[in-house]
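Trainee: So you can see what is in the structure, the chains are spelled out below.
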Amino acid sequence: MDISGRVNGEFDNTWDDPQKRSPLVPEHYKFGDVTEQVCGVTEAWRPPKAWYVAFAISVSLLGLLGAMIVYLFFTGVGVWNLNNPVGWGFDITNFVVWVGIGHAGTLISAILFLFRQKWRTAINRFAEAMTIFAVICALLFPGIHVGRVWLAYWMGPLPNQMAMWPNFRSPLLWDVFAVGTYFTVSALFWYCGMIPDIATLRDRAKGPIRRFAYGVLSLGWTGAARHWHRFERAYLVLAALSTPLVLSVHSVVSFDFATSVLPGWHTTIFPPYFVAGAIFGGFAMVLTLAIPARQLWGLKEIITARHLENMCKIILATGSMVGYAYGMEFFIAWYSGNPYESFTFLARAKGPFAWAYWTMISCNVLAPQLFWFRACRRSIPIMFFVAMCVNVGMWFERFVIIVTSLSSDYLPANWGGYRPSWVEICTLLGSIGLFMTLFLLFIRFLPVIAMAEIKTVMPAAHGTGAHAFDYNPDEPKEHPQVSEGRQ
Amino acid sequence: MSAAATSPKEPSVPRSGAGVRLCGLLAEFRDPDALREAARRVRAAGFSRWDCHSPFPIHGIDDAIGIRLTKLPIVVFFFGLMGCLTALLLQWWTNAAKPADYPMVPTFLQGYGFLISGKPFWSFQANIPVIFELTVLFSALCAGIGMLVANNLPWFSNPLFNSERFRRVTNDAFFIRVDSTDSKFHLQQTQGFLASLGAIAVERIEDTIPTPAETRLPGGLVKTGIVLACLGLIPLAFIAVARSNKSSSPRIHLIQDMDNQEKFKAQAAHPLFKDKRAMREPIAGAIARGDLREDDRFYRGYKMGVDPKTNQPAPVYFETFPAQVPVNEAFVQRGQQRFNIYCSPCHGVDGSGRGMVNQRALELGGGWVQAADLRDADRRSRPVGQLFNTITSGVRTMPPYGDQIGETDRWAIVAYVRALQKAEGAAIEELPEKERSALRKR
Numbered sequence: 001m002d003i004s005g006r007v008n009g010e011f012d013n014t015w016d017d018p019q020k021r022s023p024l025v026p027e028h029y030k031f032g033d034v035t036e037q038v039c040g041v042t043e044a045w046r047p048p049k050a051w052y053v054a055f056a057i058s059v060s061l062l063g064l065l066g067a068m069i070v071y072l073f074f075t076g077v078g079v080w081n082l083n084n085p086v087g088w089g090f091d092i093t094n095f096v097v098w099v100g101i102g103h104a105g106t107l108i109s110a111i112l113f114l115f116r117q118k119w120r121t122a123i124n125r126f127a128e129a130m131t132i133f134a135v136i137c138a139l140l141f142p143g144i145h146v147g148r149v150w151l152a153y154w155m156g157p158l159p160n161q162m163a164m165w166p167n168f169r170s171p172l173l174w175d176v177f178a179v180g181t182y183f184t185v186s187a188l189f190w191y192c193g194m195i196p197d198i199a200t201l202r203d204r205a206k207g208p209i210r211r212f213a214y215g216v217l218s219l220g221w222t223g224a225a226r227h228w229h230r231f232e233r234a235y236l237v238l239a240a241l242s243t244p245l246v247l248s249v250h251s252v253v254s255f256d257f258a259t260s261v262l263p264g265w266h267t268t269i270f271p272p273y274f275v276a277g278a279i280f281g282g283f284a285m286v287l288t289l290a291i292p293a294r295q296l297w298g299l300k301e302i303i304t305a306r307h308l309e310n311m312c313k314i315i316l317a318t319g320s321m322v323g324y325a326y327g328m329e330f331f332i333a334w335y336s337g338n339p340y341e342s343f344t345f346l347a348r349a350k351g352p353f354a355w356a357y358w359t360m361i362s363c364n365v366l367a368p369q370l371f372w373f374r375a376c377r378r379s380i381p382i383m384f385f386v387a388m389c390v391n392v393g394m395w396f397e398r399f400v401i402i403v404t405s406l407s408s409d410y411l412p413a414n415w416g417g418y419r420p421s422w423v424e425i426c427t428l429l430g431s432i433g434l435f436m437t438l439f440l441l442f443i444r445f446l447p448v449i450a451m452a453e454i455k456t457v458m459p460a461a462h463g464t465g466a467h468a469f470d471y472n473p474d475e476p477k478e479h480p481q482v483s484e485g486r487q
Numbered sequence: 001m002s003a004a005a006t007s008p009k010e011p012s013v014p015r016s017g018a019g020v021r022l023c024g025l026l027a028e029f030r031d032p033d034a035l036r037e038a039a040r041r042v043r044a045a046g047f048s049r050w051d052c053h054s055p056f057p058i059h060g061i062d063d064a065i066g067i068r069l070t071k072l073p074i075v076v077f078f079f080g081l082m083g084c085l086t087a088l089l090l091q092w093w094t095n096a097a098k099p100a101d102y103p104m105v106p107t108f109l110q111g112y113g114f115l116i117s118g119k120p121f122w123s124f125q126a127n128i129p130v131i132f133e134l135t136v137l138f139s140a141l142c143a144g145i146g147m148l149v150a151n152n153l154p155w156f157s158n159p160l161f162n163s164e165r166f167r168r169v170t171n172d173a174f175f176i177r178v179d180s181t182d183s184k185f186h187l188q189q190t191q192g193f194l195a196s197l198g199a200i201a202v203e204r205i206e207d208t209i210p211t212p213a214e215t216r217l218p219g220g221l222v223k224t225g226i227v228l229a230c231l232g233l234i235p236l237a238f239i240a241v242a243r244s245n246k247s248s249s250p251r252i253h254l255i256q257d258m259d260n261q262e263k264f265k266a267q268a269a270h271p272l273f274k275d276k277r278a279m280r281e282p283i284a285g286a287i288a289r290g291d292l293r294e295d296d297r298f299y300r301g302y303k304m305g306v307d308p309k310t311n312q313p314a315p316v317y318f319e320t321f322p323a324q325v326p327v328n329e330a331f332v333q334r335g336q337q338r339f340n341i342y343c344s345p346c347h348g349v350d351g352s353g354r355g356m357v358n359q360r361a362l363e364l365g366g367g368w369v370q371a372a373d374l375r376d377a378d379r380r381s382r383p384v385g386q387l388f389n390t391i392t393s394g395v396r397t398m399p400p401y402g403d404q405i406g407e408t409d410r411w412a413i414v415a416y417v418r419a420l421q422k423a424e425g426a427a428i429e430e431l432p433e434k435e436r437s438a439l440r441k442r
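Chains A and B are the protein sequences, given in the same order. With our numbering, letter number 254 in the first sequence gets 254, and the count goes up by one each step, no holes. With our numbering, letter number 61 in the second sequence gets 61, and the count goes up by one each step, no holes.
No lab work stands behind these hints: they were computed from the structure. Hints are supplied without guarantee of correctness; some may be wrong.
[As the list claims (entries may be wrong)] Covered stretches of chain A, going by a simulated chain B footprint (3 or more residues, C-beta under 8 angstroms):
#1 160-168
#2 277-285
[As the list claims (entries may be wrong)] In silico DMTMM-like cross-links for lysine to aspartate or glutamate, where the CA-CA straight-line distance does not exceed 20 angstroms:
#3 B:K265 / B:D275
#4 A:K206 / B:D172
#5 B:K71 / A:E232
#6 A:K30 / B:D172
#7 A:K206 / B:E164
#8 A:K118 / A:E27
#9 A:K118 / A:E43
#10 B:K422 / B:E363
#11 A:K30 / B:D31
#12 B:K276 / B:E262
#13 B:K184 / B:D172
None of the values given here were measured: they were computed from a predicted structure. Just so you know, even glycine gets a beta-carbon here, dropped at the ideal spot from N, CA and C.
Could you build the full structure based on these sequences and the hints that come with them?
Mentor: Structure (structure tokens):
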């Protein structure tokens with residue numbers, strides 16, 4: 001290891017030294033280096049070729065989504081293969097999956113912030129962006145599945161001459177409020193946090209269009225200490241609000257199922273189980289996006305190997321929670337002595353959807369176990385493979401929960417199968433296109449890394465020449481320059 | 001280094017305008033430590049209108065400058081409380097309030113008590129999720145927007161943006177700004193003071209003073225504005241005209257919702273037929289399947305004849321049961337069962353006319369006609385056909401039962417009524433021997 005912490009030319013900060021925390025950015029970095037690296041992503045005259053390829057694919061899929069929605073609207077929900085008894089299929093599966101993916105972004109930006117996990121600074125911006133785009137995809141599905149979409153505004157409490165109001169005792173309406181609030185607060189949190197970084201882009205902008213656009217978006221930010229003071233307070237408040245919010249959102253989503261009487265849905269474990277699954281799936285998505293992004297734009301010294309390793313550990317932890325929940329569902333089905341519950345769970349493992357169930361188990365429970373091994377947590381291909389497994393597995397988890405329970409409930413006379421139509425499959429692909437299009441545009445035009453926050457965790461921010469990284473600025477320091485700088 | 005830089009750099013501001021206005025001084029420092037130390041000394045020197053500018057929040061700078069803790073969280077708390085109350089009121093009003101209790105409220109704002117699966121109208125447990133979400137929503141909006149408002153943002157015309165050097169404030173440069181409005185501000189002295197703090201450079205912040213012509217809106221803009229405002233009134237005018245006039249043409253039907261279909265509805269007009277009716281009548285003489293009821297005795301209980309006194313057409317009731325019904329014990333028991341369902345509420349189970357509905361109705365008063373005692377002499381003397389017809393068609397306030405009770409059952413009821421009539425005031429000798437002995441044993 002040389003002075004800059006490089007091993008074989010790659011910055012390595014995955015070592016653990018009890019005397020010294022490993023740095024989150026190379027110690028020789030100056031503030032300007034961070035700015036250069038991050039702004040370079042959007043300021044480059046042309047993005048890498050891979051960006052164009054990815055963007056072309058994403059926009060094509062987005063077009064497919066548009067076509068599917070137009071077809072759906074003009075023909076009716078019959079173009080989906082939903083019927084009695086399976087009235088929720090791909091639409092609600094996709095909704096729950098996308099909302100869940102969003103949760104990791106809020107976890108990183110809010111919960112890890114409250115826990116003072118400073119490594120979050122490198123990934124929080126694009127994890128938050130991921131949240132917003134995922135929630136947009138999520139909001140799409142309940143919006144288009146209502147049948148008469150032109151009456152979708154009936155979901156809101158709007159005054160009308162019929163004196164007709166939504167039923168506030170319905171979990172589906174709680175969902176409208178929970179996801180709506182979640183989107184608004186996440187967008188606000190994201191934008192507020194981005195203002196100082198957009199100001200950086202504004203101050204470096206060359207062309208008049210960039211200068212104007214970033215000028216308007218940065219609202220005239222000057223980095224005044226009084227502004228920073230209120231900014232940090234507001235950020236803390238927003239983090240403190242987002243933390244219970246994110247837990248409430250997936251709990252409410254799980255109420256859609258848990259408050260019904262269907263075997264396999266009517267369980268009290270659902271809220272925590274859904275939240276753990278959401279964070280699990282969301283972190284896999286963060287990894288899926290972060291690995292190619294750091295490779296393509298040379299951000300390996302900002303999104304470091306240690307960041308990826310930390311995320312692997314979270315995936316391992318939440319994946320084990322999800323595995324525990326799967327086991328506990330079986331235990332409760334047996335322990336309750338309820339024949340319908342037992343039947344539903346046996347049907348999941350051995351019935352017509354057993355292939356989906358075992359895909360879910362192998363992707364969500366078995367694949368993350370690789371992360372017990374340090375070598376796997378540090379190998380990019382293995383990491384990426386596991387992340388993709390989890391993305392697939394979490395989709396199947398929601399599919400299994402929704403479809404198996406609906407397809408065979410109490411009376412055998414009610415049973416029925418479900419096979420998605422091509423329109424449903426194309427809509428799912430299209431929603432991935434929508435997500436990726438928004439994400440690629442974000443990478444191209446907005447600051448992908450929270451530069452101002454990275455700068456606060458750099459050694460230089462805590463006194464020149466202070467090599468020991470200051471993780472606990474609140475504790476008294478022996479370092480003369482640092483202690484002198486404090487009152 | 002700092003000595004060389006104390007001579008203020010020539011600002012690159014004035015491009016046009018009546019002149020240049022001095023807004024303050026800007027001093028750059030090497031790093032966060034230098035900034036913090038300088039800030040402490042600026043504060044000690046008694047300046048009040050000044051601030052530090054940095055690319056990221058610097059730890060300890062608040063104490064050095066003397067920034068008091070912002071009250072934003074307290075404001076957020078009250079907004080959160082407001083969100084909580086809003087959700088509470090909204091849900092109570094829209095799902096639990098009874099419209100009749102608030103007649104002064106216009107219809108479109110009227111609440112409505114929803115009865116859902118017999119749950120109470122106001123069940124606040126079910127309202128907690130929405131209360132929570134709106135509390136968070138209001139608080140978060142207050143925190144984000146409140147921060148911007150308290151920071152006096154957006155402010156696009158900040159004179160600081162005239163400084164080329166200041167552009168690095170969002171990258172890696174650290175500044176102290178002292179406003180010229182500060183009571184202690186003196187250009188040369190403050191310049192010297194800032195340089196003595198170890199500033200790398202000190203420069204003036206200047207702003208152009210706009211000429212009167214520049215402050216005026218361009219003439220074209222005003223004219224365009226007026227034209228656009230006038231054009232904007234046109235839709236409103238159309239709405240006003242539409243609201244004050246009546247029109248016979250159907251309203252604009254944007255979403256069809258299968259409301260208009262290529263078919264004729266029951267009462268619609270049809271241009272093709274002579275009578276202009278879309279609904280067609282059956283051909284004269286046609287009889288629907290099962291509607292051919294030729295047997296007067298079984299289906300009606302009477303046939304039309306002539307009243308010998310008035311020589312007018314009048315019903316002649318049949319005296320005997322039709323051949324289709326077997327009048328035996330099982331038949332009478334069926335009649336009893338039907339009688340107890342349909343007739344006993346008013347006529348009573350014994351046919352005396354003292355049924356529960358009759359008793360209650362008499363108690364309430366209001367034009368109720370006493371249900372007939374089916375066993376009186378008048379009813380005893382009536383032919384079975386007439387009793388049958390009364391059940392079929394009703395009489396006085398008694399409704400017709402022809403469409404609720406089938407013919408055979410109606411005849412069974414008639415048979416049971418006859419049995420009730422026979423039972424009332426019957427002598428024990430009239431009973432069969434078996435029944436008689438059974439009664440004697442009691």
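Trainee: Just to be careful, I want the Cα atoms of K71 (chain B) and E232 (chain A) compared with a cutoff of 20 angstroms; is the pair within it?
Mentor: Distance ~13 angstroms between K71 (chain B) and E232 (chain A) Cα, so the pair holds.
Trainee: Compare the distance between the alpha carbons of K184 (chain B) and D172 (chain B) with 20 angstroms, and conclude whether the hinted pair is satisfied.
Mentor: violated (29 angstroms)
Trainee: Has the given pair, K30 (chain A) with D31 (chain B), been kept, meaning a C-alpha gap of at most 20 angstroms?
Mentor: Roughly 11 angstroms separates the two Cα atoms, so the pair holds.
Trainee: What's the verdict on K206 (chain A) and E164 (chain B), does the C-alpha distance respect the 20 angstroms limit or exceed it?
Mentor: OK: K206 (chain A) and E164 (chain B) at ~13 angstroms, within 20 angstroms.
Trainee: Assess, step by step, whether the Cα of K422 (chain B) is no farther than 20 angstroms from the Cα of E363 (chain B), and give holds or violated.
Mentor: Not OK: K422 (chain B) and E363 (chain B) at ~30 angstroms, beyond 20 angstroms, violated.
Trainee: Would you check the hint for K118 (chain A) and E27 (chain A), treating anything up to 20 angstroms between C-alpha atoms as holding?
Mentor: Within the cut-off at roughly 15 angstroms; holds.
Trainee: For a C-alpha distance cap of 20 angstroms, please report whether K276 (chain B) and E262 (chain B) respect it.
Mentor: Since the Cα atoms of K276 (chain B) and E262 (chain B) sit roughly 18 angstroms apart, the hinted pair holds (cutoff 20 angstroms).
Trainee: Are the Cα positions of K206 (chain A) and D172 (chain B) separated by 20 angstroms at most?
Mentor: holds (18 angstroms)
Trainee: If you count the residues of the region 277-285 of chain A with a beta-carbon closer than 8 angstroms to a beta-carbon of chain B, do you get 3 or more?
Mentor: This one is violated; 0 residues, fewer than the three required, reach chain B with a Cβ under 8 angstroms.
Trainee: Can you confirm whether the C-alpha distance between K118 (chain A) and E43 (chain A) stays at or below 20 angstroms?
Mentor: violated (27 angstroms)
Trainee: With a cut-off of 20 angstroms on the C-alpha distance, tell me whether K30 (chain A) and D172 (chain B) pass.
Mentor: holds (8 angstroms)
Trainee: Given the hint that K265 (chain B) pairs with D275 (chain B), test it: the Cα-Cα distance must not exceed 20 angstroms.
Mentor: Holds, at about 15 angstroms.
The structure shown violates the earlier hints numbered 2, 9, 10, 13.
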